[in-house]
Amino acid sequence: MIRLEKRPQPSKAWTVATPILAVVLTMIFGGIMFGLIGTSPVEAIRTIFWDPLFHPQFAGFSRPQLLVKAGPLILIAIGLSIGFRAGIWNIGAEGQYIIGAICGAGAGLALYPMESALILPLMVVAGALGGWAWAMIPALLKVKFGTNEILVSLMLVYVAENLLASVSSGLLRNPEGMGFPGSRNLSQWSSSQNLELIPNTGMHLGVLTAFIAVIFAYVLLTRHIQGYNIRLTGEAPRAAKFSGVSPARTILFCLGLAGALAGMAGLFEVTGPAGQISIDFGSGYGFTAIIVAFLGRLHPVGILLAGLLMALTYIGGELAQLMLGVPGASIQLFQGMLLFFLLGVDVLTNYRVRFGAAEVA
Amino acid sequence: MDLSNINPVLLVASIMISATPILLAAIGEMVVEKSGVLNLGVEGMMITGAVIGFIVAINSGSPLLGFATAAVAGAALSVAFGVLTQIFLSNQVATGLGLTLVGLGLSSLLGKPYEGQKTVTLPKLDIPILSDLPVVGRMLFSHDIMVYLSLGIVVAVWAFLKHTHAGLILRAVGESHESAHALGYKVIRVRMLAIMFGGACAGLGGAYLSLVRVPQWTEGMTAGAGWIALAIVVFASWRAGRVLVGAYLFGGITVLQLNLQAAGMTWGVQYLSMSPYLITILVLVLISSNRSRGSHNAPANLGQTFHATR
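Protein chains in written order, with our numbering: chain A, 1 to 361; chain B, 362 to 671.
To be clear, the hints were calculated from the coordinates, so they are not data collected in a lab.
C-beta atoms are modelled at their ideal positions from N, C-alpha and C, and glycine is treated no differently.
Errors might be hidden in some of the hints.
A few chain B positions that, by computed beta-carbon distances, are all more than 10 Å from chain A [to be verified]:
#, residue
1, 370
2, 372
3, 426
4, 484
5, 502
6, 545
7, 580
8, 582
9, 595
10, 602
11, 603
12, 613
13, 649
Computed list of chain B residues with no C-beta within reach of chain A, every gap over 12 Å [unchecked claim]:
#, residue
14, 371
15, 378
16, 509
17, 515
18, 542
To be clear about the criterion: a stretch of chain B counts as covered by chain A if any three or more of its residues have a C-beta under 8 Å from a C-beta of chain A, and this derived list gives those stretches [as the list claims (entries may be wrong)]:
#, segment
19, 449-455
20, 614-624
21, 634-647
Only chain B is shown next, with the shape it has when bound in the complex (with noise of 0.2 Å):
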């Protein structure tokens, strides 16, 4: 085995890469998961905004507006869980699984035509000075737009949740729908917005994997990449700043396992593969076992059906 041939330049900057698209999924997951709605169909919504993505990407030339139809497609699926889950008020842990299921059918279904071909990516953005200074341009400043959009999107949420009235009445539906309802706030209006809110970050997310990351389109090709977004919810405890790291830490092992792979570490390939799921669930552990910290900060309502008696 050769670590030399790891490049640390290289290696941060297909960190920010790989933890893009969890990132995308994960900050979209934590606004839906504020508002008192658990969304296990992450999987689901990404995995259709990748076939969509790509699908749009193909056919039309243009990989920017293959992302906008994976976010609008991804809101698209995810309305189907809010009907079903707030107005039908059937169980969310059952419906998003369902939606994942769904969404891995559907996908297969549209991409079977489109495996194994080739679409044009998104180009790397050349920002005066910034891109051309040593190490650092390479490292952080020579990226694709969404890496950006994805980093912005991160501080509005922040900015959102903390500083904004809309942001409060969002926190307040999932502290307790009941008291959001009797000050006059629409508990399902929110939902849904926040739900679709997720399901358009899921689909650009999905859309990030086969438009830039591999960049192809394989059945199933996200790989359980949104259950690991909805673990870094958990890890991040409801917080912006938090999904942001969990996400680049979790980026960061996948790439270190590549890097590994690729340096000539013959033992065991599929040992190297399993690491990312296993280090997720110590993570888990971790934040778990540690109450003050973790599971305090979960929304009081979180995964709870509302019905307006009154």
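Just chain A, with the same shape it has in the complex (with noise of 0.2 Å):
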């Protein structure tokens, strides 16, 4: 008889090695998922994980986009992660993502043509403050009534798509686009563009943005009483009342700074990497980091690991589809089994498996 048994402690070693072996088992699993649709699983796992490295003709294209992919990915799952941290569940980034992108290129097109070092920066507080305000939605209904944020956020990811399909046709189009939709191109303008700093190595602000969220985010938990406010509230709710700390502000700290970062994300991509505000900007990143703050353990310097791994699946995915011709919603199910697997190997974090009948107390 197999029985599991609550350790006091969660284990320090288990916690470093339940990501690893999800990975493992995801590889195992998604290589019988890629010899079902036949392609040969052996070439498929290679091409995902090691191809975009590391291959002698594509690596120089592909190994700049890790942090291109992973930069708004970490960026988003570091804000998510705190809030999941203290039981918070903001599922609405990609809306906060979109609504960012909307905001910030909309303060920069309304100065277009004019020339400033100042421009891009004032894109990128009103990105966040998009982004914020946005996520502030689901955080002010719950506090004044109640109301559930996992359902609130996600439901405004669909009126934030509605809300960029309008613009994109509408409000921001650009006049120069002959009738087509989607804005200027914000890349092409010198005031906006957020380029390279440092040429074919993918690092843009964005992403430098994101390695200065990590180390925001480690001080936060570790060394700031806001980040223990936080951790307490996620562990023991009813400690964190009586040791007075507010739920109400929790909250609003948490969804808003996840929706600031997540602001951000869709600010530094639309200014770079995508170039302008289109009907199909929304890329799932917002989903997406769900699972790298779920895969990074809701701790940063995993989700700065998680984050480059789950960018790196997507590079080789695209490369899978080009090279062998897998669906690319292949790649989707193959991390949506990552987090499966995680949750599912995570009970050894928490509990000891035990062999043979219970004892009697």
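Put the complex together from the two separate chains, hints included.
This is the structure in structure tokens:
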């Protein structure tokens, strides 16, 4: 008889080992899945995990993409993880990301074609405020009326997608775009472009911001009283209340921070890799960031690594699509599987597996 | 804008059609939540049901077989959720989200070759006498079998929870798993069965979208219907009758919005399309702000992990 025994403390060793175990399991079962759809499993796994970094022909192009994709994922996941730590489930980061991009781009385009070094910083602030404001909707409703933040933040994603469709064919449409939907190209306007800081690395301002956010989150969670309060709220809500932590303030802080970071991620994306506001700007980063946050164990350093790994599966997935003809959706499934396996093996962190019958106490 | 183009008979009939998928998903999820489990993967199970139902119906030529397989597929996917949350004791919120992501990925992978194809849809029933009644006949009694099945499921769930011993056990498990366990009820088994019922219902709801309502397969076609079903369960404060009201209200909003668009309302199509989501938020606020009615009724152990120590 196999049974589980709760550990007094989560195991430190398993905390590190479970994500690795989950990745290995995903590779095995993902390999089987690729085998079933008629692709060589070994080749598929190699194309996803190895070729983007070391393929003699493609690596030169795909290596910089690693940071380009990891940047927004890490930035959004850091914000989400702080909320998840406190038991606040913001799953509408995709909406905050879109609204951040719209607000930031709007602020910049209002000044077009002026040239000034202040325009990009202004856009960043506008983007962060946009995302913050969008996240404040579920936060304030939760504080005031006790509505469920999961449902409200998610409904707002659909609202944001409709707004995006509306502004890209209306308010922000390029007047010189011959009637096609989509805004002016922000990456070609020297005041708003978010260029690579170091050529051929993919390192742009958004990636730099993501790295700063990792350090900021680490300090917040381990050295600052606010971080302690957040962890306390998540692990022992009653104790937190008695020690004077205001639940309302924690909700506003966590959702606001996540929204602002997601909004910034959207702005850096629209001024850099994406280039313009268009109907298909929403790319699912907001949802993938949830996997990143969990894969990184809600820990800033873990999220940094998880973001890079997830970016690798994106690029590897594109490469596999190109070279092996694997359907794009299989990568999404692959990422979902990774989250599933992680949640499954996580039991080892908090419980000990015992063989034999229970002792009579 | 010409409102006279909107035919009230067709309006009511189409409200019933558009409410059925969310009604099915919501009534299933209500049973799951009554047993104390919060499965946020409704969207994932719905879309899997939609794609599986569509594929089976196209290949076999039988939409009913499509519905049956969709229910099985939804239940199978929910078993993954059940195993993770009940046996591996994972966090229900995170696992449910994962289920949605897996479902979306799986469905677009399976459905790729079927995009743009047409399927045979369910025939409208021709009930003797009733279907021939003026006005009411076309409004209420000329639908396909799934519309009536969904109403039947609502009544069955109500009767099951209120009047049977098994229903009492299910509610007990949801209110206090420790006490239910101490009384000798198999908490995990009851919850697994409830989760599978919820999965099957979500699968049926998804299949109704791809086989009757649209009827076509497009990637991501559920477009948040599963999440709206979750909101309806909260709206209904975990009561079968109110789930029905909630789903039909929501179906009404969706249809009205489509009708306004069709009637030539040109002012911002996007603003109309976002209205169902905004109204859901509004309803959530109204329900939650009235504490005595709303959250008061939630199963006490909703979303909590059960681990038998003895």
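Hints versus structure:
{"no.": "1", "hint": "370", "result": "30 Å, holds"}
{"no.": "2", "hint": "372", "result": "23 Å, holds"}
{"no.": "3", "hint": "426", "result": "23 Å, holds"}
{"no.": "4", "hint": "484", "result": "33 Å, holds"}
{"no.": "5", "hint": "502", "result": "34 Å, holds"}
{"no.": "6", "hint": "545", "result": "16 Å, holds"}
{"no.": "7", "hint": "580", "result": "8 Å, violated"}
{"no.": "8", "hint": "582", "result": "14 Å, holds"}
{"no.": "9", "hint": "595", "result": "6 Å, violated"}
{"no.": "10", "hint": "602", "result": "21 Å, holds"}
{"no.": "11", "hint": "603", "result": "17 Å, holds"}
{"no.": "12", "hint": "613", "result": "18 Å, holds"}
{"no.": "13", "hint": "649", "result": "4 Å, violated"}
{"no.": "14", "hint": "371", "result": "26 Å, holds"}
{"no.": "15", "hint": "378", "result": "21 Å, holds"}
{"no.": "16", "hint": "509", "result": "29 Å, holds"}
{"no.": "17", "hint": "515", "result": "22 Å, holds"}
{"no.": "18", "hint": "542", "result": "14 Å, holds"}
{"no.": "19", "hint": "449-455", "result": "holds (count 6)"}
{"no.": "20", "hint": "614-624", "result": "violated (count 0)"}
{"no.": "21", "hint": "634-647", "result": "holds (count 8)"}
Of the numbered hints listed earlier, those contradicted by the structure are 7, 9, 13, 20.
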